[in-house]
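So the chains spell out like this:
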Amino acid sequence: MDSTMELILFICILFATAVETQTVPPTVQGLAFKLPHLTTCFSRELLTFRCQWKVGSFQNLTEQGDLRLFYILDKDSKKTERKWSECPSYSSLRKNECYFNSTNTVIWKQYTIQLRSRSLDVVYDEISFTVENIVFPDPPVGLNWTVLSMSASGLISDVVVSWDPPPSAAENVKTGWMSLVYETQYREKDSEKWISLNNGKITQAYIYGLRSNLEYEVRVRSQMRGYNYGDFSESIVILVPYKESRIMITAVFIFVAIGIGVTLMVFIVSRQQKLMVIFLPPVPGPKINGIDPVLLKKGQLIEFTSILGTHPNLRPELYSNDPWVEFIEVDFDEPHESQEELLIADSSVSNSPQMSSGFRDDDSGRASCCDPDLSDHDQTDLHHPSASGHDGFHSLSHTQPAPVSPQETTWPNSLYSQVSDITQRGEVVLSPEEQEIACCHNEAVKDNLRNKRKELQWSTVIPDERGYTSEFTASAISDQHGNPNPNTTDQSLFTEQCQEPQMPFREPQNLSTDTSPLSAAFPILAKPPSPEYTVVDGVDWKNSLLLKPNKQMSPQKTVVKTIPTPGGYLTADLLDNITI
Amino acid sequence: MNRAKVLQVSLCCVLLWLRPGSQAVPLDCNDGTNCISISPEKLLDRVIQHVELIYRVSEESCTQFEEMFLLYSPNALRSQGGNMCHSKSFPIPNTKSEIQQISDKWLLHSVLILVQSWIEPLVYLQTSLERYNSPDILLNKTKWVSDKLLSLEQGVVVLIRKMLDEGVLTSSYNFDNSLNAYEVQTMDESVLRDYSLLSCFKKDAHRMETFLKLLKCRQSDALGCAFH
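Those sequence lines, one after another, are chains H and B. Heads up: the first sequence at position 69 corresponds to 68 in numbering that gives the first Met the number 0, and the numbers run straight through without jumps. Heads up: the second sequence at position 171 corresponds to 170 in numbering that gives the first Met the number 0, and the numbers run straight through without jumps.
Derived by calculation from the structure, the hints in this document are not laboratory data. The beta carbon of each residue, even a glycine, is placed where N, CA and C say it ideally should be. Among these hints, one or two may not hold up.
[As the list claims (entries may be wrong)] Which residues of chain B face chain H? A few of them, derived with a C-beta cut under 10 Å, are:
#1 P39
#2 S57
#3 E58
#4 E59
#5 C61
#6 K202
#7 E208
#8 L214
#9 K215
Model the full structure from these sequences, guided by the hints.
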């Protein structure tokens, strides 16, 4: 069985090869049998042209003259007279080529070329053309390149490629007979695709963006505009060297610049304050002799008050926080100038104390239980200025002796009397002590006082124009509200008409010493900071206070021993103990 | 044969020279009016630019026409296309040697004849293209070429007057009547005919450009251009 199979296989193979051999010869015959034909006709410069043909499979026709070329030119419209001419010159350099020189070359006319056998009876091939359609210019020559520019990093550069026109057509181009345009192609060494540039008649090409250290191929071909392209020239290789040093230098420069910048920034940030001082020095503030605002801010009142010339020993007493120690104060906030005018003009009191809003203490000299109403005596006193109106001052001055004298009679035992009111002109109206006994027990009197006071409010409101209204009107306004506010400053001037708070006031009654309520009223700013009380005799014609002479010393004594007193007031007993 | 030719040429020359004056051309500054006259060299440059542009556009139209209508048999058409170009009665030089031998006058006149011979056929071509729905690009180009051809004719007339001191008629007198014979035709035939017209026009535009460039070379450097 195996042998038969092998035999069948062998036969099959033989048969197949036989069949194949049979099929081969026809193709060979097909290849062998090829007619002579014209391969190409071309011109290089629009002046001459050539035609070439191939013999084909007819190997016996390779001799000269076996194949002849005839042409005819469609010059004239008369087609009947067309005559075929033979090739003017068969090329001697090459076989199977016919060359038409410039005299025989007619442009813009149609040629018809025929390839005939020797005997002219067989036409093997025929083509028609016009000469300008078969122009295939030679490639340009003399390609070279130069670097146009390079980027800062040295990685990318621009290149200029230049060439010369093909020598065969150079003359014609120069004379203007034919116009050549060029096409440039370039690619990277290993890539497949060419990049094309068309730049017309110029024999230069600009290639941008070539990378360094890479090889590029460039080739150029020429074309007669509107017609056929010629062959490409030989490729040239472009290689732009990579300059590393340039990169290094630029990188180093950049890093150094960044480092300097960073250090500068750090320096500026750290020394910001000092630099600010150097560049923008602070404006020096004004230097005022005397009060140092820094001391004020710091709260060092000891130095502050010492500047003002008060006795340093008594300062802590004044600033003690005893609740029942109240300051006698005079409120002269608004009408400073007018007040001074009044004082200077009318009373010419030169030594009027400097008035300022000192420590505001609304409860000075007064207990909380009693109403700080005016006494009857005060009412009568106040009536006088009200009656006279604007001329209250003069009337008051006239009537002064009147109220003064009864006061004198009633004051032999009163060593201390409280200032009940200060008029516009700065006169101090004092209240006698007798009122204190009567007023607290007598509600009616109180009411009377209140009513009168209210009346006075209306009347005394008028002389506001003088400027001094704050104290009295404030009290008046507060009284209008019906609540005798013990916190107003004016009421500090009114007498306490209760028994209890009179205690500190009573005590000085026994004193024959001088009391100067005026000085007490200005505990801080009175120039003669005498702790002694001086009894006010009255008000003289000049509207100044007449003080009883202190039997001990002048009221301007300032030296007083610091004796711990309740509330800071000198009691009579304590005063006796004071030896000056 | 030669005598007939010579007679023809002389007759044409006589016709050209005997024409009295010319129509008023706006580019003329002979009246002494306020117009800036242009030098012949610059005028020649402008004419050459015109011709170059016309040639380029015609070449583009030709290729577009081929792409659109003649995809199936371009080779056959190319072989036949050259035959259908209408020939001129006026002999126009075709070889470089001939061109080098003739004078400037002949060159200019040849150019003028070429230009004038194409004014009418291009109009005809335009109508024919519109007949079978040609794309707008092609129609625009042919329209543009016809317009430019008229201005080119004007420029060449002025050039002749300036360079040769002659007066020439602006209207075309070499009118070829052969085109009117092809009035009624099938689509394919009209396509073929239009294509042949376009290719012939392209050839003649190239011829005009070459003539004018040679003339320019002669003007600038007579010695270098005269000898081959």
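Non-conforming hints, listed in increasing numerical order: Hint 1 contradicted; others consistent.
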